[in-house]
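> These protein sequence lines map, in sequence, to chains A and B. For the first sequence, our numbering gives the first residue as 2, with consecutive numbering after it. For the second sequence, our numbering gives the first residue as 33, with consecutive numbering after it.
Calculated directly from the structure, the hints in this document are not laboratory data. Everything numeric in this text was worked out from a predicted model, so none of it was measured. Using N, Cα and C, we set each Cβ at its ideal position, and we do this for glycine too. There may be inaccurate statements among the hints.
To be verified - With a straight-line cut-off of 25 Å between C-alpha atoms, the simulated DMTMM-like cross-links for lysine to aspartate or glutamate are:
| # | chain 1 | residue 1 | chain 2 | residue 2 |
| --- | --- | --- | --- | --- |
| 1 | A | K43 | B | E54 |
| 2 | A | K23 | B | E137 |
| 3 | A | K38 | B | D97 |
What the hints assert, rightly or not - Chain B residues, not near chain A, derived (Cβ > 12 Å throughout):
| # | residue |
| --- | --- |
| 4 | S47 |
| 5 | G48 |
| 6 | T130 |
| 7 | R145 |
Here's the letter readout for the chains.
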Amino acid sequence: GENVEQHPSTLSVQEGDSAVIKCTYSDSASNYFPWYKQELGKRPQLIIDIRSNVGEKKDQRIAVTLNKTAKHFSLHITETQPEDSAVYFCAASESNMLTFGGGTRLMVKP
Amino acid sequence: GAVVSQHPSWVICKSGTSVKIECRSLDFQATTMFWYRQFPKQSLMLMATSNEGSKATYEQGVEKDKFLINHASLTLSTLTVTSAHPEDSSFYICSVETSGGARYEQYFGPGTRLTVT
């Protein structure tokens, strides 16, 4: 089955700096890579996703890149704000089942 | 996206009792729903795939006789934790699969926090 590794497990940045979270996956057949943001005690919220037919996607301050050859994808948050503080999960999917990474706790210090 | 609700949002039960958690898709007819479990500070772990009108598909290591799933309609799936034990205490989250052609996404419910005393 699919295996997704996520790094780092915790990330602390100053407000205004950029944050990068990286994930690797094992199943070359995976073709859908969503990213979720989860605040404490709440549901994961889809913030951006990318499919295997593109290498990069951007939505305002958030961007995701995908390298299919190396089987890794990354989340980039620019101009971080305190409200970006949360746990972020990457996931990979070949069919309709998601395999999640271990999560990254992002702390943005004002 | 789909709007997904869960009930209850939290529940405390005594060891040995059973607890039913409901997952509703409010604006989308979902043939497929997923149940996840999340322990504190850990990732979401898929427990089972719930298919409307058929038996659920359980992940390895998940006891189907302990975690009963019923998906009797396109808008409702239920997870019943039978003979609950303290180690079953966790955050249970359902999700709804929305798909159209080759595209699919999952939308999550707000979760149910179960505490077994």
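> Against this structure, judge whether each hint is valid.
Comparing the hints with the structure gives:
1. Annotation: proposed proximity of A/K43 to B/E54 holds, straight-line Cα distance about 17 Å (limit 25 Å).
2. Between A/K23 and B/E137 the alpha-carbon distance is near 21 Å, which keeps this suggested pair within the 25 Å criterion.
3. Between A/K38 and B/D97 the CA atoms are separated by roughly 32 Å; this puts the pair beyond 25 Å, and the hint is violated.
4. For B/S47, the non-interface assignment is confirmed: its Cβ lies about 24 Å from the closest Cβ of chain A, beyond the 12 Å cut-off.
5. For B/G48, the requirement that its beta carbon stay farther than 12 Å from each beta carbon of chain A is met, with the minimum near 27 Å.
6. Against the 12 Å criterion, B/T130 falls within the reach of chain A, whose nearest CB is about 10 Å from its own CB.
7. The claim that B/R145 is not at the interface with chain A is violated, since a C-beta of that chain comes within 12 Å of its own (minimum 7 Å).
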